[in-house]
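Once you've looked at the hints, dock chains B and C against the given chain A.
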Amino acid sequence: MSDTVLFAFEAAINGLTVGIMYSLVALGFVLIFKASGIFNFAQGVMALFAALTLVGLQEGAIPFAHLINATFGTSIHHFGFNIPTLIAIPLTIAVMVGFAWLVERIVLKHLVNQEPIILFMATIGLAYFLEGLGDIMWGAEVKRLDVGLPQGGNIWFEENTQWLGFGNENFYGFYIDTLNLYALVIAAILVTALVIFSQYTKQGRALRAVADDHQAALSVGISLRFIWVLTWSIAGIVALVAGIMWGSKSGVQFSLSLIALKALPVLILGGFTSIPGAIVGGLLIGVGEKLFDFFMQPIIGGATENWFAYMLALAFLLFRPQGLFGEKIIERV
Amino acid sequence: MLYREAGDFKSTYPSDNQTFPIRFDRYAYWALIGFAFLVVPFLLTDYWANSIVIPLLIYVIAALGLNILIGYCGQLSLGTGAFMAVGAYATFKLTTAFPWMPIYIVFILAGLVTAAVGVLFGLPSLKIKGFYLAVATLAAQFFLIWLFTRVGWFFNDSATGMISMPERTVFGVLVTGPAASAMAVYMTCLVFVVGMAWLARNLTRGTVGRTWMSIRDMDIAAEIIGVNPLIAKLTAFAVSSFFVGVAGALLFGVYLGAAEAGEAFGINKSFLVLFMVIIGGLGSILGSFLGAAFLIVLPVLLKVFLVDALGWPADLARHLEVMIIGALIVLVLIVEPHGMAALWRTAKEKLRLWPFPH
Amino acid sequence: MTVEQREQVPMLDTQTEGYVTADGRQIGGVVMELKNITLRFGGVVAIKDISFDIRHGEIRAIIGPNGAGKSSMLNVISGFYNPQEGELIYKGYKRPQMRPYKVSRMGIARTFQNIALFEGMSVLDNIMTGRMHHMKAGFLSQAFWWGAAAREEAENREAVEKIIDFLEIQAIRKTPVSRLPYGLKKRVELARALAAEPQILLLDEPMAGMNVEEKEDMSRFILDVNDEFGTTTVLIEHDMGVVMDLSDRVVVMDYGKKIGDGTPEEVMNNQDVIDAYLGVSHD
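So the protein lines, in turn, are chains A, B and C. Numbers in the working numbering are just positions in the first sequence, counted from 1, shifted up by 137. Numbers in the working numbering are just positions in the second sequence, counted from 1, shifted up by 58. Numbers in the working numbering are just positions in the third sequence, counted from 1, shifted up by 549.
For the record, the hints were derived by calculation from the structure and aren't laboratory data. All the pointers check out, no bait thrown in.
Here are the simulated BS3-like pairs of lysine-lysine, each with C-alpha atoms no more than 30 Å apart in a straight line:
id	chain 1	residue 1	chain 2	residue 2
1	A	Lys171	B	Lys187
2	A	Lys386	A	Lys280
3	B	Lys68	C	Lys723
4	B	Lys185	C	Lys651
The following block holds chain A by itself, in its conformation from the complex (with noise of 0.2 Å):
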């Protein structure tokens, strides 16, 4: 096979393995968009807050050491002691529950029958907010996180495609990342996970119950708030994973929060209340930007995964409104 059909085939490998990320992020925004019809701008920002609290944790970091040194001219940095990732996870998850809890509490409650996009801005400043409570108490500076996943190529999987080259000398096989074969096995694990938990159990019928419609939930004695409080949870949960996935790739930094912008087109490819959607919305979003950013590099210059996915979006939007797998909205008087 020629060169260009294998290194075209290679991006398109690599786009899947940056849609899986787009994904998990467009997941936590579907969960919460079907259980409040809140668009959560925030989520990105909690897989960077998630992540930034794994690290800290993990390496037994001071909360809030630079403001208190500031503050009192000290110099603390460290508690000194080491926090095992697998306790360091629990508490993680431990403290998105919490911010879960303190978001229905301080912002939701007092925002109910607030039309979307009111709800919409809201979580814009709620993302700014998080994102400065996250430098702040964390520090601002690029942190690695290593949660003993692998990193590194694939050996295996590139000596096994070798023989795709048919011959070509050029051609040793495709390489992917380990880390990015572990991301889609846990990314089908934890879709798995939720459909169960949506279809089999008493919470999940409440939380479908309560994406059909609020006022009839409400009637027959489903907590809005648990259920409020929940979905945030599962959100930061998710928000967990794809922050510990893109932060073992590659750091705990800020540009965690810009996937959450890539998440807005992939949501529309996929329509907001589609948890399939999500996934496919991704992997096509993954695939599409790295295609097209290799052929058109040529003609058009490189950089072009900037923009790509959210003129597919708009394309989408002119087209078919309500994404691949969403439902079709009848207007009325």
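Just chains B and C now, kept in the frame of chain A:
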């Protein structure tokens, strides 16, 4: 007992409909204008001009523009930064291509160019709304910035990829370039702010404003009672982009002097202006002034208190600022969705009755 | 012929003869004729082959049980829904498919079942919005508030103030609509529709959710409007007493079909209508 409307009877509809129906407000307004034109220029130091007054004036224009779109017409845009970039790059191209062109005309033309681009990216608003539209405007944000940093024509193939403003004069006074005096820059910005606030007020008080607001409040009903949604939305996008474009032109032309699209007009600019509009007050011209003032002054204040007085590291102060802004946005939306302008209105209503509230 | 030109065409008092109502008002010829209208949403038939006419100056009621297709009928008249079959003859011309705002420009104004006021605007601004078609000042004139814009604003304000006086809402003219109680909102909505000086006024359940006094007020306003401006009115209402008192002719709908048409007395004695209201087994 100054603030009274009793006895101030209106006998014609125009006088009942004026911008400041209460006499005291009218006087205060003219006093403020006089102060801004006749007193401030002579008091202005370089520090005040560069850190507060000039950015404030420029962002007032941007906030007015975005407020027309979001606050009056209800169309959310996250592409403000890119539209400011359009204004800036149009200014650059026009001044370098037509060196004879008067600079004020250039700024206005830059606004018109931005208006055209704004209409183009506003077209999807005819089919989509709410945060769907927000995503469409994100496409504008990222695509335009990519274009400005990648295509050499836009920055005249300069080696650094930056655009820089040549020197231009108005009535023989230098207004652009590093050698321009603070007073000249200030007066330029002030003239634009006053002129554009007046335009904004005119547009929002009459038929155009009412069609925008009707689309914002209930678009389907608006169409059924006779509002053409196409015209309403596209004029909102055009006017809004015109304002934002002029703000971008001024930011680049008289304030920054040199700029690179990704850095000066990134997504953070979009959020900054959005926050000004939310905090100041959606659907209020006064709110645009208050919001811009607040978000320009806040970082300066934090820097003065925390960094200069308490000796905090600068990045910590900046993070705190981000946190405070985020919290404020949430707070404003919970407590008073119409922002500082609504607080001001409530205060005035109290003042009207003071000291006898019953 | 463009929409604007057609607007100028005088009322066609065609071959149809007018009639004189019970209280002695002279009703003119046909303003609008609906012929064999059928409206479907996917597989659901909301309106099935309905024909009736609306005459100049009359109060025409559409009644029927819930889900009979009354509101859909009104939506067809105001151009919000386009029927799949049938034609709509307005002032002697077949009206092509057009956007609702164009229909409104041809002199059809309406109110809504669930109030559709612009909540963020004052009462005055709401009513002024209804007058939009009478304001033609260009964009630049408005931007600089110079010439036509300022003049028109004052002139139309005068017209709006007449309606405000007429509907007795002077005290709330500068109040934001969101602060008004339900009954007043309904009245403001009527004011907004009247401000357009419509040829045909469509009222979708103008008295839904009102108490007796409010209903009496609203009935009086509807009669006064018809009396004073001669506005042709089409209304949907559930309160039978109101319908019988107000309307000159009544269309009765059930399951998307027309089951009766005539004066209130005729309709009251129609066996199909009685069955639809009291219930009879459909076999």
